[in-house]
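Novice: Build out the structure end to end from the sequences listed, making use of the hints.
There are 2 protein chains.
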Amino acid sequence: MADMGGETITVLIVDDHAVVRQGVRAFLETQPGLSVLADVGSGAEALRLAAELVPDVVLMDLVMPEMDGVEATRRLKQVSPRSQVIVLTSYHQDEHIFPAIRAGALSYLLKDVDSSELAGAVRKAARGEAVLHPRVAARVVQELHGARQSAAFNPFTELSERELEVLRLIADGASNSEIAERLVISEKTVKSHVSNILSKLHVLDRTQAAVFAWREGVMRRDS
Amino acid sequence: MADMGGETITVLIVDDHAVVRQGVRAFLETQPGLSVLADVGSGAEALRLAAELVPDVVLMDLVMPEMDGVEATRRLKQVSPRSQVIVLTSYHQDEHIFPAIRAGALSYLLKDVDSSELAGAVRKAARGEAVLHPRVAARVVQELHGARQSAAFNPFTELSERELEVLRLIADGASNSEIAERLVISEKTVKSHVSNILSKLHVLDRTQAAVFAWREGVMRRDS
DNA sequence: GGTGACATCGGTCTGTGGGCGGATGGCGGA
DNA sequence: TCCGCCATCCGCCCACAGACCGATGTCACC
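For the record, the sequence lines run as chains E and Z. If you're matching positions, the first sequence starts at 1 in the numbering used here and goes up one per residue. If you're matching positions, the second sequence starts at 1 in the numbering used here and goes up one per residue.
Treat the hints with care, since some could be wrong.
Copies of the same chain are indistinguishable here, so a pair counts whether it falls within one copy or spans any two.
[What the hints assert, rightly or not] The calculated DMTMM-like cross-link candidates involving lysine to aspartate or glutamate, where the alpha carbons are at most 20 Å apart (straight line), are:
# : residue 1 : residue 2
1 : 191       : 205
2 : 124       : 16
3 : 111       : 16
4 : 188       : 112
5 : 77        : 165
6 : 77        : 178
7 : 124       : 68
8 : 77        : 181
Derived by calculation from the structure, the hints in this document are not laboratory data. All values reported here derive from a predicted model rather than from experimental measurement.
Specialist: Below is the structure:
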């Protein structure tokens, strides 16, 4: 919270490869104003330490055995909400980017960033500013593009009228067969719509889609 | 809305058995102040007519071919919210009662009610007052019993602490295996909890449970 | 000491959900 | 005109969800 000016920014490094941890750590320690509290090799350790040390910034790898970075990020934001998470990974596919952001990551860097950028991202993160790797930024913008007014931070992509209709029914607890009955279409078609909705919203199943609809205000308590 | 004093109460009868329809109709027509607009044999017809005629009260059978009464009630309340639905059926099992009430039925009568009670229930319904058959009322009270403060019209039964914990995770979009991981218990145990939650909330699957949690305010948009 | 609610775990089974790979026709913009 | 989005439909397939059966230990309450 109070990292204005001269105060030290504390960092926690999470990566299952020791080489990466040590490399990043060695570099960050040369940076004035940055202090690496610890580097750990698993999400579980990260959670434990984050709860204890409450680092300003967490550098998080995504692909790790046992608990992946997305899950670790989600839970970390629960136990230590004020820690800012920077994803540092080599993947720039949608299936990594969007879940990570939705899990609460602030910034998303690819491992080919040069050192000064990394240090800059850490300092920015401590101030709550996000940094997206250009390639990632491109994807995010592309997703945002085509969305209508997008109050604040809406769905990432626009749903068609029909899809919205299906989403509302999902968010009302309807099964595929019920939706088919109500819309007077085949269940296969419903499944197609549902699949499209899931991928557009970047969620994994209908329950998450329903939650999304409620959280995002598509649904209201009085319907 | 404006059925004070002398105005006529309009009624729609929905039942797949012609005999029942005619019997009920014949009786209601002897009642002063009541006017039967129509009697229909299917949910689909009921929806069409209700949208057109906007009856004050709809007498709804539950068990019907094609669209059952619960589904018909749900959709009827969408197309004609001011119509009050009285369920008139011969079943008093939970699996009929609770879905019907949740679908928007106001009153729930068993077919052994005597005529004067039926007429009374119709008049009460027109004023927005509910009537539950004694046997049904007993079940509902029994369900409500043990519930804590139950602001307004809460869950029908109290969930245990652990179940609430699981419900929150469901309402966050978590799968059984994720829940198991997070709570550090086996997936079998999670399934047990989920099953108990579903039956206590009288819903059919996890998505409906999630919707319930959001609708009922267990979940908030900022978690 | 019994009784019941709760949390934990197990097995088996079935239906549904959802992915993947197609196909069609309509319709509007380049 | 051709292309791409949308809505509709089809089949195959497998993992998950949830029902139903069971069990254990703990704990509070009477």
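Novice: For each hint, tell me whether it holds in the structure or not.
Specialist: To see whether the hints hold, each was checked on the structure:
1. 191 - 205: Both, since 12 Å and 17 Å are each at most 20 Å.
2. 124 - 16: Answer is neither: 25 Å inside a copy and 68 Å across each miss the 20 Å cutoff.
3. 111 - 16: within (14 Å within a copy, 67 Å between copies)
4. 188 - 112: neither (43 Å within a copy, 43 Å between copies)
5. 77 - 165: Between copies only: 18 Å across chains, 33 Å inside a chain, cut-off 20 Å.
6. 77 - 178: between (37 Å within a copy, 16 Å between copies)
7. 124 - 68: Classified as neither: same-chain Cα gap 25 Å, cross-chain 58 Å, threshold 20 Å.
8. 77 - 181: Classified as between; 17 Å across copies, 41 Å inside a copy.
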